[in-house]
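Student: Listed below, chain by chain, are the residues.
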Amino acid sequence: MNRIFELLRQLSGDDAYERYLAHCRKAHPGREPLSRKAFFKLETERKWSGIRRCC
Amino acid sequence: MKKIVWAGISVFGAIALGQIAASRGESINSFWLVAAALCVYAIAYRFYALWIATRVLVTDPTRATPAERFENGLDFSPTNKWVTFGHHFAAIAGPGPLVGPTLAAQFGYLPGTLWILIGAVLGGCVQDMVILFFSTRRDGRSLGQMARDELGPVGGAAALIGTLAIMVILISVLGLVVVNALKHSPWGTSTVMATIPVAFLVGIYMRHVRPGRVLEGSIIGVLLLLFSVVSGGWIDHHAIRTLFDFDSGTLVWLVIGYGFLAAILPVWLLLAPRDYLSTYMKLGTVVALAFAIFIMHPEIRMPAFTKFVDGTGPIFAGKLFPFVFITIACGAISGFHSLVSSGTTPKLLSNERDIPMIGYGGMLLESFVAIMAMVAATVLDPGVYFAINSPSGLVGTGMDAAKTISAWGFPVTLDQMNNLAKEMGEKSLFARTGGAPSLAVGMASLFGNAFGRGLLAIWYHFAIMFEAVFILTTLDAGTRVGRFMLQDLLGNIWKPMGRTSWYPSVLFTSAAIVASWGYFLYIGVIDPNGGVNLLWPLFGISNQMLAAIALSVATGILIKTGRARHAWVSGLPLAWLAFITTSAAWEKISSTDVRIGFFAAADNLAEKLSLGKLPPEKAAIAPKLILNMQIDGALTIFFLAVLWIVIFEMARISWRKTIGLPVPPVSESPHIPSRLVEDWVRD
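Respectively, the protein sequence lines represent chains A and B. Reminder that position 27 of the first sequence reads as 1401 in this note's numbering, one-by-one numbering, no gaps. Reminder that position 47 of the second sequence reads as 55 in this note's numbering, one-by-one numbering, no gaps.
To be clear, the hints were calculated from the coordinates, so they are not data collected in a lab. Treat the hints with care, since some could be wrong.
[Said to hold, decoys possible] Just a few of them, taken from the derived set where beta-carbon distance is under 8 Å, the chain B residues facing chain A:
no., residue
1, Glu79
2, Val222
3, Leu347
Cβ coordinates follow ideal geometry from the N, Cα and C atoms, glycine included.
From just these sequences and the hints, can you work out the full model?
Tutor: As structure tokens, then:
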């Protein structure tokens, strides 16, 4: 059940910020990561700038 | 043991196919269609897809993918394979596989079904998979970039212009589907309009109230959408219904205005939340439809072939060959998918060994959606199906339409149509062209039988809302992508135009894109024979052209990398596409039948106009229609030219490679071993 919920969160992008934090801690330990709000602002812009939907 | 299972699947599949092929005259159960499809998919995946992956492409699980090498916690991010599959499927599956089979059902259930099955396993799935593989090996580059790198600047430019053109045609034809579904339907119109404030609310929630809580926002949004379907029914029974009762001429301007607004508003406010909602709606409805078909397994009422294989069909004109192959693009092979398979999905892919499942498997699922749409169209009484889908310019209205259609051998009465319209909560269901209303009637009767018949009108409007919502999402997203491409192009001429955040440039390019598709949409609506006959073939031809470009890139790469022996894997579907697209385009250009040939129709109308044979209201719009047919004809010639330029470039490069002359270098990135394989527990 937990596993399905995890998959659902990943599928919807609900956990994107946590994944981003994990990546920041691992790859750039010294740098201050973006805040939750700033991160999603950036993400939304990026995600809908390319081809995301077909016919 | 495994061999026995596969032998069993093969035998069962053969029985199912035999049932379909052998049943002549008597009706057949939709169970056999679904069973045959699933067996064909299983066998094709196990034996063909995996063979291509291991023998032709040679996927390498030890090699790091772009997602791993460029991981940034944002777009490049190694993702669980099921999640990647979900993203990929949600991106490739749009309204196309629902509308195409519905229209092609005018030939009977068999031709469309066979093309969906064969086209998918040998063509569409192969295209999606090989493009996904080649893009993964090239740092996740887009199709346009790969065409430029591997086939040279001419191929690259053709791919770019082709993509922009298909976007415009796609949006106009989808806009037409929405307009036809909503005209004089206060229930449908108010429901679809309500989705805009719902999207605003969800957007504000996810941006300011609880930033990034996508699941919470989506659940609230989906509940509000379902509520808007029900409340649309209340509006329909109230005096304010007249506020939402529009004819198609008004709806066109509403859709165009909406498209422009959506292109210039910030994405977080409208586009992003609408996209989340439409994705859940889409996945949920596809699952519900599969469930309903599975438990109901209704009888197919449409014959295997109708007499319209001779080219006289009311929904669109043209013989079975080649028009069934361009009417069903999405669901069998869709060039648009190559834009998602390159550029987007490779950035999530965590291991090359998942390529067959995501590329080939994703398209198999879309093909299955097309089969379900075919079932939903063919379980209707054929008379009802033709009454809903035939334009009034051809069969008349009301009693006349019922008489004409019954005379074709598909009995239908005025009472029957009036009762059906009443059950579905609509004023009339005659001449509701575009495929959406007939699909909604099919879905409503399936859902009604599976989950309770009392709610037919609600199911009908749910289906209309579901189709309209993700058509509008494609419209928003497509306009935005078109705008970026145009800004990119214009940026080469005058630098400031290329800045995506400079407001004058945003306004100008958005208006240009909206005006382009708005033009075709407007003409499609005023055309007395129904815009579907005009626009859908153009869309099919452009989509198949894009598929041919993608397969040319793939074939070129296979030959350049010394795999000429296996180049037929993408070369054969390419040859078939080139053949059908050229045949269809040639007929649209040169046919003397005024319902098929664009130029013939223009000349015919011009002659009638000059002889004064047209009634005044038709004479007023005739010059616009004539100009438009000529533009459509010119566009068809243009698509044909782009198609053959790319094929010629591919052949030229391959020939140079074979005789040892220099060719553009293979742009594959070097092998870097994956670190994820050892320290990452795979599921």
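Student: Does each hint fit the structure? Answer for all of them.
Tutor: Right, here's what the structure says about each hint:
no.: 1; hint: Glu79; in the structure: holds, 7 Å
no.: 2; hint: Val222; in the structure: holds, 4 Å
no.: 3; hint: Leu347; in the structure: holds, 5 Å
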